[in-house]
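Q: Here is how the chains run, residue by residue.
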Amino acid sequence: MIDFQQVSKIYPGGQMALEDVNFHLQQGEMAFLTGHSGAGKSTLLKLITVIERATTGRVAINGHDIAKVSPKHVPYLRRNIGMIFQNHHLLMDRSVFDNVALPLVIEGFSHGEIRKRVAGALDMVGLYGKERHNPIMLSGGEQQRVGIARAIVNKPPLLLADEPTGNLDPKLSMDILRLFETFNDAGTSVLIATHDLGLIARMKYRTFTLKQGRMLGAQELHPSVHTRAPTNRGEGQ
Amino acid sequence: MSDSAKLTRSKLPLSGRIVMFFIRHVQQAMASMGELWRNPVSSVMTMAVLGVSLSLPAALQVLVKNAETITSSWNSAAEISLFIEDNRSEQTIQSLLTRIRTYSEVDKVQYIDRNQALEEFQRLSGFGEALAYLDKNPLPAVITVTPTPRYSTPVGARELLTKLEREPEISFGRLDIEWLERLQAVVRLLERTVMAIAALLVLAVVLVIGNTIRLAIMNRRSEIEVMKLVGATEAFIQRPFLYTGIWYGVIGGILAWLIINLLVWYLDSALAELLGLYGSQLEMKSLTFIELLQLVGLASFLGWLGSYLSVRQHLRSIEPS
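First to last, the sequence lines map onto chains H and C.
Heads up, the first sequence is in the UniProt record's numbering, so the first residue is 1 and it goes up one at a time.
Heads up, the second sequence is in the UniProt record's numbering, so the first residue is 1 and it goes up one at a time.
Bound-form chain H, shown alone:
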């Protein structure tokens, strides 16, 4: 699903954010990306979502070399990636419904279809019936769920989460991770960037560790590689 080959990223000004990174996330796999802040987790996610482009090396998503994607086609690539952010990136002056519906509106779905899918997505994250609420009226955990609902509403094959549990207590964090597991069970590839090592330790997924822009061997840290076979597909995938 995600393939990095000898990827380096040097920001203007000479800061080396990633250095010779190789890693591969398989289709239907769920994995963690960890490391101290400043280790390059965010840069790695930005390379996947084409917010930044690699200085050298090859980044491929679903077999597509990102270097060959023109700026004009970046939006279409992003539609295949559900993104979840630590600070949610919600539109605070819009209702929960409008927030979750945004990717569908952008893709030009009909009104009835949008309503159905938004209701389904909100149901999945446990916010059914809160369509008319404003995100400001919701708790941090609920806001995060709105962000998750928005990320999955158009059923993308890949989910990226940047510190999705950053501001949540352990119980809520676990709930969120269980949610990601259900999406993964439905066949979605999931990559979660987090520095919450305690959380990772309790789960048996592959972990990629970044240290000062370099990727440490994943298998050494967690020998029990957990890869789900991509046979259990959800409807619409």
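No lab work stands behind these hints, which were simulated from the structure alone.
Hints are not guaranteed to be accurate.
Unchecked claim - Some residues of chain H that are not near chain C, with every Cβ distance over 10 Å (derived):
hint	residue
1	I106
2	E107
3	F109
4	E131
5	N134
As the list claims (entries may be wrong) - Calculated pairs, EDC-like style, for lysine to aspartate or glutamate (alpha carbon to alpha carbon, straight line, at most 16 Å):
hint	chain 1	residue 1	chain 2	residue 2
6	H	K46	C	E319
7	H	K171	H	D196
8	H	K46	C	E225
9	H	K72	C	E35
It should be emphasised that the depicted structure is a prediction, and the values quoted were computed from it without experimental measurement.
Here a beta-carbon is modelled for each residue, glycine too, at the ideal position from N, C-alpha and C.
Given chain H's structure and the hints, the job is docking chain C onto it.
A: Just chain C now, kept in the frame of chain H:
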């Protein structure tokens, strides 16, 4: 929507996508209108600025239009006086008159013979007594020629005069249209001024809308970032701003039209009084319906242009980080 469209993501059938394209355009146009409606204070201010800016060139247009009607009605005042050489027999003069009457450029011909001229001069000049001491009538016979409307313009009348002066019996002709030429020069200057001011104000409209849209873009920066993150194309993001610009133009144009009508209504009675003093029955004309459409059309184009320029410049610079 068909079942297959429900199950496959973003792969609506072509006809469905075309329909959705138009539906989305209408939706976004309406949404932009709603957006303006929800921030009435700032949008009303902008629209008022646009209305005033557009009403000035439109008012000048009305002024020029009315000035043209007035001057064209004065054009017919152009009259050519032809002075006949001395010692021409009445018979040659009569044949000259017949010849001039056949000119296609000539509307009316009036002949004043030497005696009539003398009588008129005695009556009007106040030198009547003095003339009695002259042993011979010093005045020439005169033919006054009124050109057809087409030859009443300064250029046309002058052309006709040169042609008439080629007649051997005529010593010289006089065309009393210098004042008309001056008036037309003034009107031309006025027209130029109108064009220049209109161009400046049109530029102002584009800049005002551009700046308003720039502020709107800045206000919705985070929203634009989010939209870009979830895969919105530039075209999709810029569309509401373009519609906002068009709405500003449309409403500004309508406001300008209202202002013009108020102005005309306000000036009409004063102008009627002035024109009444000159014995003229002219009525001040406002903008016609076609001109209203042109005004609104131009205004909405300017609105689109202003927001397009702004969007081009500022939307690109907003990238998620």
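Q: Out of the numbered hints, which ones does the structure contradict?
A: Hint check: 1, 2, 3, 9 fail, others pass.
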